[in-house]
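Position chain B relative to chain A; hints supplied.
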Amino acid sequence: MGKGKVNSLGLSREEYKGRPSTLCPGCGHDSISNQIISTTFDMGIEQHKILKMSGIGCSSKTPAYFLGRSHGFNALHGRMPSVATGALMGNPAMRCVAVSGDGDTGSIGMGQFKHAIRRNIPFVYIIENNGVYGLTKGQFSATSEEGQELKYYGRNDLPAIDLALEAIIAGATFVARSFSGDSKQVQSLLQAAMRHQGISVIDIISPCVTFNNEPQSHKSYDYGKEHQISLHEIQVVAPYFVDGKEEITVESDAYEQGETINVDMHDGTIIRLKKLDRDHDPRSRIQAINVLEQSLREQLFITGLIYYEEPRPTLAQLEDVYEGPLGTLPESRVRPSAQALADVMAKFK
Amino acid sequence: MVLEAVPQPTTQSNATNGKIINDFAFMVATKNGSGSQTSNNVLVKSLFNMGIPVNGKNLFPSNIKGLPTWYTIRVSKDGYTGRRSTTEIAVTYNQDTAAEDIANLPAGGVCIIPADWKWGHSREDIVWYEVPMKQIMKEANVGSDFAKRVENMTYVGVVAQMFNIPLDEIWKALLENFKGKEKPAKLNFDVVKLSYEYAKENFAKQDPYWFEYDNQTTGKILITGNEAGALGSIFGGVNVVAWYPITPSTSLVDSVLDYQYLRKDPETGKMTLVVVQAEDELAAIGMLVGAGFSGARAMTATSGPGISLMAEFSGLAYYAEIPCVIWDITRMGPSTGLPTRTSQGDLLFTHVLGHGDTRQLCLLPATPEEAFEFGWRSFDIADKAQMPIFILSDLDLGMNNWMSEPFTYPDEPIQRGKVLDAEQLEGFIKEHGKWGRYMDVDGDGITYRTLPGTDHPMAAYFARGTGHNELAAYSERTDDWVNNMNRLRKKYQTVREMLPKPISDIDPVKKVGILSFGTNDPAIEEARDLLEKQGIATNYMRVRALPLAKEVTEFINTHERIYIPENNFDGQLYQIICLDHPQDLTHLKSLPLGDGLPMTAQWLFNKIMAVEK
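Quick mapping for you: the protein sequence lines, in order, are chains A and B.
What the first sequence shows, in the working numbering, is residues 124 to 472, in sequence order.
What the second sequence shows, in the working numbering, is residues 1433 to 2045, in sequence order.
Isolated chain A, as found in the complex (with noise of 0.2 Å):
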């Protein structure tokens, strides 16, 4: 991104950040946040349309370094996920980028995530897991890997939970997995999942420079650059949307026959998926299951989307909710009438 561009609504890239960052220099967080200016720079977002959410920890401090025009809400530790199913219930027209750890979503939230998956709220979850306890100073979490060693908490004996496993179990429509370092994946990633109207998880890798980079651990910055198994290359081709401008044709084909996989979307969004030396269709939940599966018993650290389906309807759909802000209805709309009241004591008479 030049300096000087601007997207479609005018605004500048420097429009889409929010305060400086208080994290360790270098922290894979920062580029995460970093991904999200891009990438809803590049959509042309309305910034007064998102709600960005989190939990406590390292990652959830992040919301207040991206998106400075968007409403935000630093929740409880593991507790992001009913403030977000509230809030979206309030007013279902806002879309929210929600971010949480591996401490936040893997242990002490794990309840909440799972049960606002099975809600289907429509927000995208971002784990930022870095498998140790940052602000607290470098306990094991519970992504750690087995066997992992910590300079004062000793070896971890206990096996990792793995978050994208959980997603898919819990009934997400959409699961990613990928690298901090590879900013082309997670920004095609987030491009999909802001497009998804249910809820999409993405557990991004993200190493935690002062308590968990030691060469050897898996989520270091050697170990993730040496390793990433990426499943596919992905694009995402949007039907009337290039800079806001022209409408394109989804059906142009930058790869040859067989060796793509398009998964559409909702909206008429195409993620188009270049296989690379794996062969993973990631509309199969038996699949993706096998992937995360395979990946764990042979230490493989891979990435992409690796579970996608067409979404259920989301809570506030069950439950037919107007679909706007409700806090701003007139009284009209909300209050029922003095006869409504006195047929309802007619009842009790």
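Just so you know, the hints here were simulated from the structure itself, not pulled from any lab data.
Fair warning: this is a prediction, and the values are worked out from it, not measured in the lab.
Positions of the beta carbon are idealized from the N, C-alpha and C atoms, including for glycine.
Just so you know, not all the hints are guaranteed correct.
Some chain A residues judged to face chain B by a derived CB distance under 10 Å, without partners named [what the hints assert, rightly or not]:
(1) Met176
(2) Ala210
(3) Ala216
(4) Met217
(5) Ser306
(6) Lys307
(7) Gln310
(8) Arg458
PhoX-like, lysine-lysine: derived pairs with alpha carbons at most 20 Å apart [to be verified]:
(9) A:Lys470 / B:Lys1451
(10) B:Lys1580 / B:Lys1618
(11) B:Lys1566 / B:Lys1580
(12) A:Lys472 / B:Lys1604
(13) B:Lys1550 / A:Lys470
(14) B:Lys2045 / B:Lys1965
(15) B:Lys1965 / B:Lys1933
(16) A:Lys237 / A:Lys260
(17) B:Lys1652 / A:Lys470
(18) A:Lys472 / B:Lys1652
(19) B:Lys1611 / A:Lys470
(20) B:Lys1866 / B:Lys1943
(21) B:Lys1632 / B:Lys1611
(22) A:Lys274 / A:Lys140
(23) B:Lys1613 / A:Lys472
(24) B:Lys1922 / B:Lys1816
(25) B:Lys1451 / B:Lys1637
(26) A:Lys472 / B:Lys1850
(27) B:Lys1615 / B:Lys1632
(28) B:Lys1566 / B:Lys1632
Same frame as chain A, now just chain B:
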């Protein structure tokens, strides 16, 4: 009754030619899940329709089927609706508790008991009406599918015959109970009729108790506090109800669902009220906080164990200044406690809910009318205060049927407090140079908020439970922290004036006062009449909100002795008054009860007489 071993004298004898008319109580002992709820409701509704002031209280176990349950029905021509600890009449339809139920009857009392048990006359000083249940059921020839469910109607027929409830009234009440469906009503009514006829032919009236038509319920309704609260919320414009089932609050949300149809948007046909059953109370209140942040009106209903789980989010809502409404239909704690017994034991905990220096707003309804009014008004207060607000009802108000005037339609328009839309925000910035979420430009501690979705480049802010300055930015500065806490305290004082004022009956000549809250009210009113007859004149103030109104200070400063009866073990209102009044308060006498049952006038009378006589 098992729970009350010592019979107490009845308060009054109202004999007319040897008859006691519309001034006694009876108790129905059955097994939980046996279908007696219908029988008891039909009796209460019949008496209500006869114009007799009536109150029914269900004393039930934490169990689905099989454990003992007692239902007490009190009729009072003087309009007293408080619980009575003894009843003159007992329907003993539970063999497991019959011995004690019979033992608890006063001399001259009446026992209605299945003849099939061949119980015998274990007391000679009471009247026995023995109902051949099996024979009547056989005659009724109800299919075996229904027999167990309708056999309790045998006591309804006997009660109707022996104490004078016309069969027409029973039929009418049955129809109401089955929402106009004649088939189930008739199935039950057949059993009632047979029992009624059996009693007419076989029982000689040996007791003095009679129901007679009166006109004291004309225009009134019979309703539970939970239904009232649900209706209040609906007319208050609630948008999001998130909850986790817990006794005794569940019927409040059930009622919201019953009347949700009232909240179909007249313009789009979409719902403006959504109910979400959460995975636990943590998530339930989390959803409220999210909805409140987005500008929607959000409510939950829970009880003590749920309040414990909500402590964390209550602190966040207080500190991040998010409006929401939390109903606590209080049951007896600590811990799981007595899930089906009433209590006022969450007052102190709720008032300071959240770690750190937190002070929460509490509303204290005593009647269904107040439950309705606080149901809608709480949203206006929460929005104006930008605070969570707790409505402390209890099991007695929430789950029992109370006589009430029909509810008054909200007399004020919906008030959303200091919310800026894009245009108003522009005006604010012009006037003040900038806008910050926590800038106190009015000096009342209450600041202006914007809602997500506001299309203005300066509208956004990042809500947080961490330390923040007036621009809502993270701050660890001492002055930012202290300034913010001072402002929150100023806001608390502002909001004190927005809360419902106490209800008082004060004559400056009287020097003895009673200060209380909530559902102790009927017992207190009755006890005051009893005390008056002993020459002890009392003033009465019933507080309806925390923080306490200034009028409370005046009340405690103008009486020689003040009794503070309340239905918890530690005297929590008394403690809160002591916290608020750093002065000599030795003239305050705490009268805590906390036995799981609604307070009785006799108990309070005895407590006060012990000092005053």
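These are the hints, each one checked on the structure:
With its C-beta approaching chain B no nearer than about 8 Å, A:Met176 sits inside the 10 Å limit, and its interface hint holds. Because the beta carbon of A:Ala210 sits about 4 Å from the nearest beta carbon in chain B, less than 10 Å, this interface hint is met. With a least beta-carbon distance of about 7 Å to chain B, the hint placing A:Ala216 at the interface is held under the 10 Å criterion. At about 6 Å, the closest approach between the beta carbon of A:Met217 and any beta carbon in chain B falls short of 10 Å, and the interface hint on this residue holds.
For A:Ser306, the interface hint is violated, since its Cβ never comes within 10 Å of a Cβ in chain B; the closest pair sits about 25 Å apart. About 29 Å separates the beta-carbon of A:Lys307 from the nearest beta-carbon of chain B, more than 10 Å, and the hint is not met. Taking 10 Å as the C-beta cut-off, the interface hint given for A:Gln310 is violated, the closest approach to chain B being about 23 Å. Against a cut-off of 10 Å between C-beta atoms, the interface hint on A:Arg458 holds, since the closest Cβ of chain B lies about 5 Å away.
The straight-line distance between the Cα atoms of A:Lys470 and B:Lys1451 is roughly 34 Å, outside the 20 Å bound, and the hint therefore fails. At roughly 16 Å between alpha-carbon atoms, B:Lys1580 and B:Lys1618 fall within 20 Å of each other, so this suggested pair holds. A C-alpha spacing of about 11 Å is found between B:Lys1566 and B:Lys1580, which places the hinted pair at or below 20 Å, so the restraint holds. Between the alpha carbons of A:Lys472 and B:Lys1604 the distance comes to roughly 12 Å, so the proposed pair stays at or under 20 Å and holds.
At roughly 42 Å between alpha-carbon atoms, B:Lys1550 and A:Lys470 are farther apart than 20 Å, so this suggested pair is violated. With a C-alpha separation of about 12 Å, the suggested pair B:Lys2045 and B:Lys1965 falls inside the 20 Å cut-off, and the hint holds. Our distance criterion of 20 Å between C-alpha atoms is broken by B:Lys1965 and B:Lys1933, whose separation comes to about 29 Å. Of the pairs offered as hints, the one joining A:Lys237 and A:Lys260 is violated, with about 27 Å between alpha carbons and a cut-off of 20 Å exceeded.
For the hint pairing B:Lys1652 with A:Lys470, the CA-to-CA distance comes to about 11 Å; that is within 20 Å, so the pair holds. Distance check on the hinted pair: A:Lys472 and B:Lys1652 sit about 6 Å apart at the alpha-carbon level, within 20 Å; holds. Proposed proximity of B:Lys1611 and A:Lys470 is supported: the alpha carbons are some 10 Å apart, at most 20 Å. Taken as a hint, the B:Lys1866 and B:Lys1943 pair is broken in the structure, with Cα atoms around 56 Å apart against an allowance of 20 Å.
This hinted pair does not check out: B:Lys1632 and B:Lys1611 have alpha carbons roughly 29 Å apart, beyond 20 Å. With a CA separation close to 35 Å, the supplied pair A:Lys274 and A:Lys140 exceeds the 20 Å bound. Restraint check: the Cα-Cα separation between B:Lys1613 and A:Lys472 comes to about 18 Å, which is no more than 20 Å; the hinted pair holds. Of the pairs offered as hints, the one joining B:Lys1922 and B:Lys1816 holds, with about 14 Å between alpha carbons and a cut-off of 20 Å not exceeded.
With a CA separation close to 11 Å, the supplied pair B:Lys1451 and B:Lys1637 stays within the 20 Å bound. With a C-alpha separation of about 40 Å, the suggested pair A:Lys472 and B:Lys1850 falls outside the 20 Å cut-off, and the hint is violated. The hinted pair formed by B:Lys1615 and B:Lys1632 fails the criterion: a straight-line CA distance of about 26 Å is larger than 20 Å. For the given pair, B:Lys1566 sits about 18 Å from B:Lys1632 by alpha-carbon distance, which is consistent with the 20 Å threshold.
The structure fails to meet hints 5, 6, 7, 9, 13, 15, 16, 20, 21, 22, 26 and 27 from the earlier list, while all remaining hints are met.
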